[in-house]
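*Asks:* Below, each chain spelled out in residue letters.
2 protein chains.
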Amino acid sequence: MSTLSVFMDVPLAHKLEGSLLKTYKQDDYPNKMFLAYRVCMTNEGHPWVSLVVQKTRLQISQDPSLNYEYLPTMGLKSFIQASLALLLGKNSQAIVENRVGGVHTVGDSGAFQLGVQFLRTWHKDARIVYIISSQKELHGLIFQDVGFTVYEYSIWDPKKLCMDPDILLNVVEQIPHGCVLVMGNIIDCKLTPSGWAKLMSMIKSKQIFPFFDIPCQGLYTSDLEEDTRILQYFVSQGFEFFCSQSLSKNFGIYDEGVGILVVVAVNNQQLLCVLSQLEGLAQALWLNPPNTGARIITSILCNPALLGEWKQSLKEVVENIMLTKEKVKEKLRLLGTPGSWGHITEQSGTHGYLGLNSQQVEYLVRKKHIYIPKNGQINFSCINANNINYITEGISEAVLLTEGSEMCLPKEKKP
Amino acid sequence: MSTLSVFMDVPLAHKLEGSLLKTYKQDDYPNKMFLAYRVCMTNEGHPWVSLVVQKTRLQISQDPSLNYEYLPTMGLKSFIQASLALLLGKNSQAIVENRVGGVHTVGDSGAFQLGVQFLRTWHKDARIVYIISSQKELHGLIFQDVGFTVYEYSIWDPKKLCMDPDILLNVVEQIPHGCVLVMGNIIDCKLTPSGWAKLMSMIKSKQIFPFFDIPCQGLYTSDLEEDTRILQYFVSQGFEFFCSQSLSKNFGIYDEGVGILVVVAVNNQQLLCVLSQLEGLAQALWLNPPNTGARIITSILCNPALLGEWKQSLKEVVENIMLTKEKVKEKLRLLGTPGSWGHITEQSGTHGYLGLNSQQVEYLVRKKHIYIPKNGQINFSCINANNINYITEGISEAVLLTEGSEMCLPKEKKP
Chain A
1 MSTLSVFMDV PLAHKLEGSL LKTYKQDDYP NKMFLAYRVC MTNEGHPWVS LVVQKTRLQI
61 SQDPSLNYEY LPTMGLKSFI QASLALLLGK NSQAIVENRV GGVHTVGDSG AFQLGVQFLR
121 TWHKDARIVY IISSQKELHG LIFQDVGFTV YEYSIWDPKK LCMDPDILLN VVEQIPHGCV
181 LVMGNIIDCK LTPSGWAKLM SMIKSKQIFP FFDIPCQGLY TSDLEEDTRI LQYFVSQGFE
241 FFCSQSLSKN FGIYDEGVGI LVVVAVNNQQ LLCVLSQLEG LAQALWLNPP NTGARIITSI
301 LCNPALLGEW KQSLKEVVEN IMLTKEKVKE KLRLLGTPGS WGHITEQSGT HGYLGLNSQQ
361 VEYLVRKKHI YIPKNGQINF SCINANNINY ITEGISEAVL LTEGSEMCLP KEKKP
Chain B
1 MSTLSVFMDV PLAHKLEGSL LKTYKQDDYP NKMFLAYRVC MTNEGHPWVS LVVQKTRLQI
61 SQDPSLNYEY LPTMGLKSFI QASLALLLGK NSQAIVENRV GGVHTVGDSG AFQLGVQFLR
121 TWHKDARIVY IISSQKELHG LIFQDVGFTV YEYSIWDPKK LCMDPDILLN VVEQIPHGCV
181 LVMGNIIDCK LTPSGWAKLM SMIKSKQIFP FFDIPCQGLY TSDLEEDTRI LQYFVSQGFE
241 FFCSQSLSKN FGIYDEGVGI LVVVAVNNQQ LLCVLSQLEG LAQALWLNPP NTGARIITSI
301 LCNPALLGEW KQSLKEVVEN IMLTKEKVKE KLRLLGTPGS WGHITEQSGT HGYLGLNSQQ
361 VEYLVRKKHI YIPKNGQINF SCINANNINY ITEGISEAVL LTEGSEMCLP KEKKP
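Note that the protein sequences, when read in sequence, are chains A and B.
In terms of this note's numbering, the first sequence opens at residue 1 and continues consecutively.
In terms of this note's numbering, the second sequence opens at residue 1 and continues consecutively.
Accuracy of the hints is not assured; some may be wrong.
Since copy identity is lost for identical chains, a pair holds within one copy or between any two.
To be verified - Below 20 Å or equal to it, Euclidean Cα-Cα: the simulated SDA-like pairs (lysine to any residue) are:
| no. | residue 1 | residue 2 |
| --- | --- | --- |
| 1 | K160 | G89 |
| 2 | K124 | V146 |
| 3 | K124 | D9 |
| 4 | K315 | F239 |
| 5 | K77 | E330 |
| 6 | K25 | E279 |
| 7 | K124 | A36 |
| 8 | K55 | L20 |
| 9 | K22 | Q277 |
| 10 | K206 | R127 |
| 11 | K204 | M8 |
| 12 | K159 | Q277 |
| 13 | K325 | L272 |
Derived by calculation from the structure, the hints in this document are not laboratory data.
Produce the complete structure using the sequences and hints provided.
*Replies:* Below is the structure:
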């Protein structure tokens, strides 16, 4: 009897796991270090969890009044409301005018998946997306799968060692009409008021659809409002947009899929139409989003005492990261490392550019087993008392040994 | 300045929520009843939760050794292993031969979404799917979205009042070569050994790809092995197939997305290839599945004492449903309702056909506010001491008032 095997001709897929992490895992060197984790790490080298989360988790599991029924497809209503108020501010014009809503998604990948499926159906002309380089690996694939051409951009100037507003304006000037632009937090990109005006005006006139990615509000400056200033600009200018809001990293609930696809529309009627279409898409994707993480976060956001504890925990984390950056800078200076290292402490958040060229990065990876992405952007919370000396000495060595070659050689000119 | 509104032309989507539930919700009648919930209900009218789940949830939240890091894209390994052993039996040929695996998904919709995406890419010839009618509303949309033509089938004979093996064989005989066949549990369909042989042979020779849907193992007969007998047949015959395994309903963890897309291949090499492709797809869908529910279930399945408690709780639920069915049958007899009602107790599980025609169902919905799907298949766990008299009297009335018209008129011949 003939048999069909659907599986017979299926090839082994290439692992999409970043090749850096793969190489790191395969490395047998005992003191190897990985400085590119996505999440905030503790001094002990574990993913950070806000203490108030543990307490709330226990309280919830002891509450006999709770039920464990399926959530509606749109998710936990109170979670969405509290999270939107957190993201945009309680008094946001969009909230007051009832033109912002959200769908509770399985993490930020789920939010992008849902948003991209919507764009495929309702924004058929857009077939090009520009993604900020740090997020390209994570979210680019989702756009690519539905037929988008994906380009990445960076606003880091490796010569000036800063996030350059001119580069940002240049990028937006050059990208084609009608495409999708995925933007992260650009808090370190010091746009002047006229720079902001120019940015807004270009996005409007070129009919670019903004898709924001806010993966860790509160972990940049510890000021929750400051961290989402960019959204407030866009809201005040009457833009419609999507935003992926993740609450995994700023609460330390990594394993529960606590994301929201935020929709800001120009009026309530359009919002309801968009949400109704998203509901249909979410029904096919997972039907009901997971509850535990959303329930914990809602309990915290809606209780002033717990909210205070959470904010305090963010403050401590951010202060700790700043302290680490100060120490790295200071140690590099004490080691007599050529170059200026002020850019390290001028950047906000867990992740920042070291300002190394590709030769120096390669030296650190190959010779010192310190795993750093090619662009030199690392997670500073991976540096702690146990490894700071080894890391700064490694950096110093890398810079000294490659001295003479330009500090931040563009890749194209690699000798 | 011209503004593009992507949202402007987006229409309001039709609610996909079953129109029956919608009508029920809009009904103001105080004694309205809904007998078509998806999940097993308690006598008090709440979704059932196994007591051992609550206990385990509390234990887990007090365990300081646990971390809350992102799960791998494939999910919690121990959860998948324990669930596969539950589904197929520890000594299953496929497990021993290392040719079965699974991906932890966000519920059964997630499992279907993932499986369908795979089939779209790797089984390009298949563009037709046959889905058992009770699951069409839930899963049909997912196939439809990627371009499948969806047909439904039923194996319930409204005249003989049973799941008819001949109908099943007929369906499979008539469906076209190379399509996908979504099958549920056919435990009440009494296939003879030669019937089984014929079924297998047709599926093989017509190169039909089987996609099983096992939404509530243990809630049919309370015998976990008996409830998945159909899978064991297919494994023993060397088939490759997909199976959506949901653990929401049999543990009472509805809000956590505890599903698995099970892959049975003909050998380990093909299995690994298929799993690697599924990993890529899951990465784009949600990247990391939710943990809490999987963690609770794994703790129960891997601890003999807890496992015993869970099995006992299943036994009690199933006995309770059988008792309800007995009572319904008995009350209908005492009320002198015309017709034979033995088919009610001859069906396994929470859901079963009442054996009413469309006129009778319409009478119950319109006149008695008892909401029943058109095919007369209800969730018997929705019947309890508080509503059984009203329901059975309603059924009796419906049958008496429509007497003379044929008991189970096919829809086409509706007068």
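*Asks:* Hint by hint, say whether it matches the structure.
*Replies:* For each hint, the structure was consulted:
1. K160 to G89: This pair counts as neither: shortest intra-copy Cα distance 34 Å, inter-copy 63 Å.
2. K124 to V146: both (11 Å within a copy, 17 Å between copies)
3. K124 to D9: Between copies, since 12 Å is at most 20 Å while 33 Å is not.
4. K315 to F239: Neither: 31 Å inside a chain and 57 Å across chains, both beyond 20 Å.
5. K77 to E330: The answer is neither: 48 Å in one copy and 44 Å across copies each exceed 20 Å.
6. K25 to E279: between (40 Å within a copy, 19 Å between copies)
7. K124 to A36: The answer is neither: 36 Å in one copy and 39 Å across copies each exceed 20 Å.
8. K55 to L20: neither (36 Å within a copy, 42 Å between copies)
9. K22 to Q277: Classified as between: cross-chain Cα gap 18 Å, same-chain 39 Å, threshold 20 Å.
10. K206 to R127: within (15 Å within a copy, 40 Å between copies)
11. K204 to M8: between (50 Å within a copy, 15 Å between copies)
12. K159 to Q277: Classified as neither: same-chain Cα gap 46 Å, cross-chain 41 Å, threshold 20 Å.
13. K325 to L272: So K325 and L272 fail the 20 Å test inside a copy (45 Å) and across (43 Å) alike.
Of the numbered hints stated above, those contradicted by the structure are hints 1, 4, 5, 7, 8, 12, 13, listed in ascending order.
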